[in-house]
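The listed protein sequences correspond, in order, to chains S and C.
Residues -1 to 251 (my numbering) are what the first sequence spells out, left to right.
Residues 2 to 295 (my numbering) are what the second sequence spells out, left to right.
Just so you know, these hints were derived from the structure itself, not from any lab.
One should not assume that every hint holds.
What follows is a list of derived Cβ distance ranges for each label pair [stated by the list, open to error]:
id : chain 1 : residue 1 : chain 2 : residue 2 : range
1  : C       : Asn15     : S       : Gly128    : 40 to 48 Å
2  : C       : Asn15     : S       : Lys75     : 45 to 53 Å
3  : C       : Gln221    : S       : Ser79     : 46 to 54 Å
Quick partial rundown of chain C residues pointing at chain S, CB under 7 Å, derived from the structure [claimed, not checked]:
id : residue
4  : Glu12
5  : Leu16
6  : Asn41
7  : Ile48
8  : Leu49
9  : Ala58
10 : Val285
Glycine included, every Cβ here is placed at the ideal spot set by N, Cα and C.
The primary structure of each chain is shown beneath.
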Amino acid sequence: MAEIDRLRREIVIASARAGEGHIPSALSILDILWIEYSVIMANQRARHEEIDRFVLSKGHGSLALYVVLSEIGVIDKSELSSFGQFDSRLGGHPDRLKIPGVEASTGSLGHGMPIAAGIALAKQIQGSEGRVVVLIGDGEANEGTIWETALIAAHRQLTNLVCVVDYNHSTDRALLVGSIADKFAAFDWNVLEIDGHNRYEIEESLSRKATTRPLAIIANTIKGKGVKAMENNPAWHHAAPKGDEVENLLGDN
Amino acid sequence: MRRQFARSAHEVLNLNKEAIVLLGDIGVFGFREAMQDHPNRVLNIGILEQSTISLAAGLSIEGMIPIVHTIAPFMVERALEQIKIDFGYQRLRGNLVSVGGSLDYAALGCTHHCPGDVSALLSIPNVEIAIPGTAAEFEQLFMSEFDNTNVTYYRLSEIENSRSQSVKLGQANLVKSGSQATVVCVGPTLDMTLKAVENFDVSVIYLTSIRPFDYALVRQASRHGRVLVVEPFYEGTLSFEVTTALSGRPSVISSVGIPRSFRSEYGTREEHYAAIDFSSNRIVAELEKLLVGS
Chain S
-1 MAEIDRLRRE
9 IVIASARAGE
19 GHIPSALSIL
29 DILWIEYSVI
39 MANQRARHEE
49 IDRFVLSKGH
59 GSLALYVVLS
69 EIGVIDKSEL
79 SSFGQFDSRL
89 GGHPDRLKIP
99 GVEASTGSLG
109 HGMPIAAGIA
119 LAKQIQGSEG
129 RVVVLIGDGE
139 ANEGTIWETA
149 LIAAHRQLTN
159 LVCVVDYNHS
169 TDRALLVGSI
179 ADKFAAFDWN
189 VLEIDGHNRY
199 EIEESLSRKA
209 TTRPLAIIAN
219 TIKGKGVKAM
229 ENNPAWHHAA
239 PKGDEVENLL
249 GDN
Chain C
2 MRRQFARSAH
12 EVLNLNKEAI
22 VLLGDIGVFG
32 FREAMQDHPN
42 RVLNIGILEQ
52 STISLAAGLS
62 IEGMIPIVHT
72 IAPFMVERAL
82 EQIKIDFGYQ
92 RLRGNLVSVG
102 GSLDYAALGC
112 THHCPGDVSA
122 LLSIPNVEIA
132 IPGTAAEFEQ
142 LFMSEFDNTN
152 VTYYRLSEIE
162 NSRSQSVKLG
172 QANLVKSGSQ
182 ATVVCVGPTL
192 DMTLKAVENF
202 DVSVIYLTSI
212 RPFDYALVRQ
222 ASRHGRVLVV
232 EPFYEGTLSF
242 EVTTALSGRP
252 SVISSVGIPR
262 SFRSEYGTRE
272 EHYAAIDFSS
282 NRIVAELEKL
292 LVGS
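In isolation and in its complexed conformation, chain S is listed as follows:
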């Protein structure tokens, strides 16, 4: 996809300029965010349906969110160059009070998912339409609040809640999470497992109609996807390229 190539380039350039950012974490989720915003939400808008509320629980992937929001016109493209600056709206983690469409200020792992469940619970109580889509990481799934929320969401039958797990195996070196699909199934969620870089599988899974249970989409992803030197290379987790490295990194694909 031409857009993905452009967005990937924008992520790397914004990070290089700022000397900051979690590039591989952003590249891991870029395809999912792009399909969610450019296809799923666009279709909902066209059909006059309630538009998904999206919570980026793994807030350190913020660069992916920013470039997607800039591509659909929520923020200006020119603003991307301000990423990480003192007075920028675009920080290392997203802030709901600064950027329209950011539903929760995240950064500390394990907060976005229960907040998303709270939004979903409010919608259920108030009888309002629409879903809440929350994206967590497998590292984030180390946090107890993810599984606390998995319990609550199943018990409260939050059928309007979708949890996408960016399973890029980033924390295998610390703690093996094993089959996240089996775990969500054991918590009584509906579970789909997809290739998190295959646009058709992403679109199909995010288009599923609600059933009687919340939905977990386990997206198998590659951390650093699309920039070969970064793929599954922990050295790049929180490292920004120097200006002269950018073209080499982007050209080597």
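Please arrange chain C on chain S, whose structure you already have, making use of the hints.
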């Protein structure tokens, strides 16, 4: 006070369809009538305090008014970061109502003691803290503030003062005027303080609102710069507030509070208070020290 909380919360649920109560699997029996009337808005959410606070923040994002109720150490100390980021930093409104502050659950032991909740919450900007001294004061504070734009912590106590004051968030009460020193006392310590100061020419300022703190009244009543704080939580918790109130003025400040050490005994709150000498006699002794040379 806890019964009053259940009554007030029930009233709020009747009045405001955005209000919702989340119970941490405690106080459920007290809420049975509210639960019958509002089964969708009185939820026994389970024993998962961190997620409960974040969930409440999500409810608040959607315009609801969450009222979370559980035991102080689990709500405040276990879920402190959730209160900090999800309510404080994100500037969401909500109500956190605890029981078991300080040594109210003495017999359950140190895991259930919580003299540190107020100092922990004072470390988070934007969190309002109310400590009523009677059930009627809780009602006054809660009914006027439950839907304000901030997160507000209400600390319910097992002991109550014999008389209620007219209280308001952000305002302290001058309950006695004197010239030699000022005793600033908090919530359920008013009776014990008034008993101690009978024979002293001192002012007594009564706080039910810890934040917002009534700096002006404390400053105005303390021209002499001698202040004794009687605080039913860790001693010294309010020193920043009091020194700020007296800034630029030579002052001597002392505190009667709960000592900063783990307490491994059980028994009753009264036994603990006797062991640490949290008493009227101690207030008298500290006042005498404060007034030496005045």
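Hint check:
A beta carbon spacing of about 28 Å between Asn15/C and Gly128/S contradicts the range 40 to 48 Å that was offered as a hint. One distance hint, 45 to 53 Å for the beta-carbon pair Asn15/C and Lys75/S, holds here, with the actual separation near 51 Å. For the pair Gln221/C and Ser79/S, the beta carbons lie near 52 Å from each other, so the given range of 46 to 54 Å is met. At a threshold of 7 Å, the smallest CB-CB gap from Glu12/C to chain S is about 19 Å, leaving the interface hint violated.
Against a cut-off of 7 Å between C-beta atoms, the interface hint on Leu16/C is violated, since the closest Cβ of chain S lies about 17 Å away. A cut of 7 Å between beta carbons decides the hint on Asn41/C: the least distance to chain S is about 5 Å, and the hint holds. Here the hint on Ile48/C is broken, as its CB sits about 9 Å from the closest CB of chain S, past 7 Å. About 4 Å separates the beta-carbon of Leu49/C from the nearest beta-carbon of chain S, less than 7 Å, and the hint is met.
Annotation: Ala58/C was flagged as interfacial toward chain S, and the flag holds, the nearest CB pair being 5 Å apart, inside 7 Å. About 47 Å separates the beta-carbon of Val285/C from the nearest beta-carbon of chain S, more than 7 Å, and the hint is not met.
Hint violations for this structure: numbers 1, 4, 5, 7, 10, all remaining hints satisfied.
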